[in-house]
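Read top to bottom, the protein sequences are chains A and B. Using numbering that gives the first Met the number 0, the letters of the first sequence correspond one by one to residues 0 to 222. Using numbering that gives the first Met the number 0, the letters of the second sequence correspond one by one to residues 0 to 288.
No wet-lab data here; the hints were simulated from the structure. Mixed in with the good hints, there may be bad ones.
As the list claims (entries may be wrong) - Ranges between beta-carbon positions, derived for each pair:
(1) His36(A) x Ala91(B): 49 to 57 Å
(2) Asp140(A) x Arg195(B): 28 to 36 Å
(3) Arg281(B) x Thr204(A): 20 to 28 Å
(4) Gly96(B) x Pro108(A): 46 to 54 Å
(5) Gly142(B) x Gly144(A): 28 to 36 Å
(6) His36(A) x Arg30(B): 40 to 48 Å
(7) Gly242(B) x Arg190(A): 48 to 56 Å
(8) Gly137(B) x Arg10(A): 50 to 58 Å
(9) Arg143(B) x Lys186(A): 37 to 45 Å
(10) Gly137(B) x Leu139(A): 55 to 63 Å
Given the structure is predicted, the values throughout are model-derived calculations rather than measurements. Where is the CB? At the ideal position from N, CA and C, for every residue including glycine.
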Amino acid sequence: MIITRPRDWTRITDNLASIDAKGVFLMGCGQCATVAHTGGEKEVLQTKAVLEQAGYTVTGWAVGEVTCHLGGTKLESRKHHEDIEAADAVLVLACGAGVQTVADAVSKPVFPGLESVFLGNVIRHGVFEERCQMCGDCVLDLTAGICPVTTCPKGLLNGPCGGMWDGKCEVLQDRECAHVRIQRRLKEQGRGGTLGVLPPKDFSTKLKPGAVNLRDKKGGDRP
Amino acid sequence: MSRFREALECGEFVVTSEVAPPLGTDLSAMRRAVETIGPHCHALNVTDNQGATLHLSSLAASRVVLEMGYEPIFQQTCRDRNRLALQSDLLAAWTLGLRNLLAVTGDDPRSGDHPHAKGVFDLDSTQLATIAAGMNGGHDMLGRELDGATDFFIGGAMFPEAEPWDIQLVRAQRKVEAGMRFFQTQAIFDMAKLERAVEALRPMGVKVIAGVLLLRSPRVIDFINRRLAGLMVPEHIADRIRGADDVAEESIALATEQVREIRQIADGVHIMSLGLDSAVGRILETKDS
Numbered sequence: 000m001i002i003t004r005p006r007d008w009t010r011i012t013d014n015l016a017s018i019d020a021k022g023v024f025l026m027g028c029g030q031c032a033t034v035a036h037t038g039g040e041k042e043v044l045q046t047k048a049v050l051e052q053a054g055y056t057v058t059g060w061a062v063g064e065v066t067c068h069l070g071g072t073k074l075e076s077r078k079h080h081e082d083i084e085a086a087d088a089v090l091v092l093a094c095g096a097g098v099q100t101v102a103d104a105v106s107k108p109v110f111p112g113l114e115s116v117f118l119g120n121v122i123r124h125g126v127f128e129e130r131c132q133m134c135g136d137c138v139l140d141l142t143a144g145i146c147p148v149t150t151c152p153k154g155l156l157n158g159p160c161g162g163m164w165d166g167k168c169e170v171l172q173d174r175e176c177a178h179v180r181i182q183r184r185l186k187e188q189g190r191g192g193t194l195g196v197l198p199p200k201d202f203s204t205k206l207k208p209g210a211v212n213l214r215d216k217k218g219g220d221r222p
Numbered sequence: 000m001s002r003f004r005e006a007l008e009c010g011e012f013v014v015t016s017e018v019a020p021p022l023g024t025d026l027s028a029m030r031r032a033v034e035t036i037g038p039h040c041h042a043l044n045v046t047d048n049q050g051a052t053l054h055l056s057s058l059a060a061s062r063v064v065l066e067m068g069y070e071p072i073f074q075q076t077c078r079d080r081n082r083l084a085l086q087s088d089l090l091a092a093w094t095l096g097l098r099n100l101l102a103v104t105g106d107d108p109r110s111g112d113h114p115h116a117k118g119v120f121d122l123d124s125t126q127l128a129t130i131a132a133g134m135n136g137g138h139d140m141l142g143r144e145l146d147g148a149t150d151f152f153i154g155g156a157m158f159p160e161a162e163p164w165d166i167q168l169v170r171a172q173r174k175v176e177a178g179m180r181f182f183q184t185q186a187i188f189d190m191a192k193l194e195r196a197v198e199a200l201r202p203m204g205v206k207v208i209a210g211v212l213l214l215r216s217p218r219v220i221d222f223i224n225r226r227l228a229g230l231m232v233p234e235h236i237a238d239r240i241r242g243a244d245d246v247a248e249e250s251i252a253l254a255t256e257q258v259r260e261i262r263q264i265a266d267g268v269h270i271m272s273l274g275l276d277s278a279v280g281r282i283l284e285t286k287d288s
C-alpha cells in the first residue's frame, strides 16, 4: 500500500491563502490512507475540526472508496456536487495519485493534504516499511526474496559496502545489513553459491511516466 | 606504467597515504600535504568528496599531484555520478595521465554535508571495477570499441575486521573477479584478522595494503566509534591513547608499532594521518625523517 504522512500544516494554509480560499471541501480515501491513519474518516473529521477552528468553512466531506480510481471518484464527486461547488478549494487526504484523480474529477482548485512517501509493507498495525521500489526489473529471484535496491540505503546490487560492521548497516546502524541477510538466507536455502556479481541495473524500466493499458491489443499480449 | 604497480608486482612493501582536495580553489594546503608526505610514499590517494562532503574533484586534484612529481591513486566513488559520468571521467583520467584507480562505493549522502542530496549509486564498486577492466580491454560497458583504451591499475577497499568474515571474503573474491588487483583496507587494529585476510586473499593474486589510522586525539576515537559504524577502536587501544600524557606522541608510537607488524604480514601500508602529516616519516621510520 501507499504510505502517506500529514503535510506540514503551514504549507496547507499557505496553499489555501494563495487563492484566498475560505470554504473547503475535504476528500479522504478508503484504502491506503485509511490504513495508514492519515486520510480515513477519523482523520478527515479531525482535519475538519482543525480547519473550522482556524476560521475556514468546511462545506462538506467524503471518503472515496478508492480515491485513485477515476470512475469511482467522479461518482463520489457527483454525489457531493453542491458541497464542492460551495467550496473555494478541495483538500485531499490521499496519496498524490488520489490528489490528481480528484483534480481531474472536479473543477475547483485541489490541494494535497498529505505527503506520499513510499510503497509500504504493513509489518503490523501502524508499522510500515519500504521493501519494494517498483523498479520494473526484479532481482528477488536472485536475492532470496530480499530487495537490496530498496532495503540497502545505497541500493547496491553487490554488497555489503565497506561500512558494514558486525552484520549491521552503516547508514541505519540499528538494522541488519541487507546483503548479510541475503547471503545468510541463500546459504540457509542451500543456494549459497548462486549469487555472482550482479550486472548494472536496467533503469529504463523505471522511465516516467509509467503506463499499462490492458485494453491495448485487446489484452491479448499477456503470456 | 605506474611505479606503484611495479613496486607491488615486484613484491616490494609499498607505502601509500592520502590527501584531500580543498573546499575551494586554493590548492596550497593540499600541495603542502603532498610535499610533506609524498616523499615517503609510492603513491597518494586523492579522495573523492570524502565522507560525502563537498571538495574539489579528485580528477583535477589527482592531476595536480601528478604534476608535482608524485603518483596519485585516483579515487572514484559511485555516490555522485551515474554510469555515463563515471565512464566519461575514467576516460578523462587516463588522458590526464592517471594510472591508478580506486573504485569505491562512497559514503551515503545523509552522513555528509549535503544530507538532502540524492545518492546516485547507479553502479556499485564491483560494477565500476568491471567497467574499468573492460576499458583496459578496449571497450565501454556496452561492449563498444573505444577509440584508445585505458590500462588502469584497479584497486578497491576491503575491511578485514568486519564480521561476518565469510561474507566479506566472498565479497572480496567477487571484487578480484571484477578486476581489482589491490585492496586498501580500512584501519586495522587486530593484526590476527589482517593475517587471516592476507592468507585468504594472496592466493587470488590480489595485494593487500593495510590501513593505519593515526588516533591523534580522543575526539578522533569518539568520532570513529560513534559516526563510522565500520571502524571500531578496541577498548584497550582507546584506553592507551586516552590515558597518555602526550596523546599525539602516543598515537605516533602506536602507529609506528602497527606499521612494524604490518610489514611482516601485508603487501603494504596505507597511512591515514588525519592532518598530522609531519608524523608520517616517523611512523614509517624512514631514514630521512
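Verification of the supplied hints:
1. His36(A) x Ala91(B): 49 to 57 Å: 52 Å, holds
2. Asp140(A) x Arg195(B): 28 to 36 Å: Given a distance of about 33 Å, which is inside 28 to 36 Å, the answer is holds.
3. Arg281(B) x Thr204(A): 20 to 28 Å: Hint violated: Cβ distance 55 Å, outside 20 to 28 Å.
4. Gly96(B) x Pro108(A): 46 to 54 Å: 60 Å, violated
5. Gly142(B) x Gly144(A): 28 to 36 Å: Since the Cβ atoms of glycine 142(B) and glycine 144(A) sit about 32 Å apart, the hinted range of 28 to 36 Å holds.
6. His36(A) x Arg30(B): 40 to 48 Å: 58 Å, violated
7. Gly242(B) x Arg190(A): 48 to 56 Å: 49 Å, holds
8. Gly137(B) x Arg10(A): 50 to 58 Å: Holds, since glycine 137(B) and arginine 10(A) (Cβ atoms, about 54 Å apart) stay within the stated range.
9. Arg143(B) x Lys186(A): 37 to 45 Å: Roughly 38 Å apart at Cβ, these two residues keep to the hinted range, so it holds.
10. Gly137(B) x Leu139(A): 55 to 63 Å: 35 Å, violated
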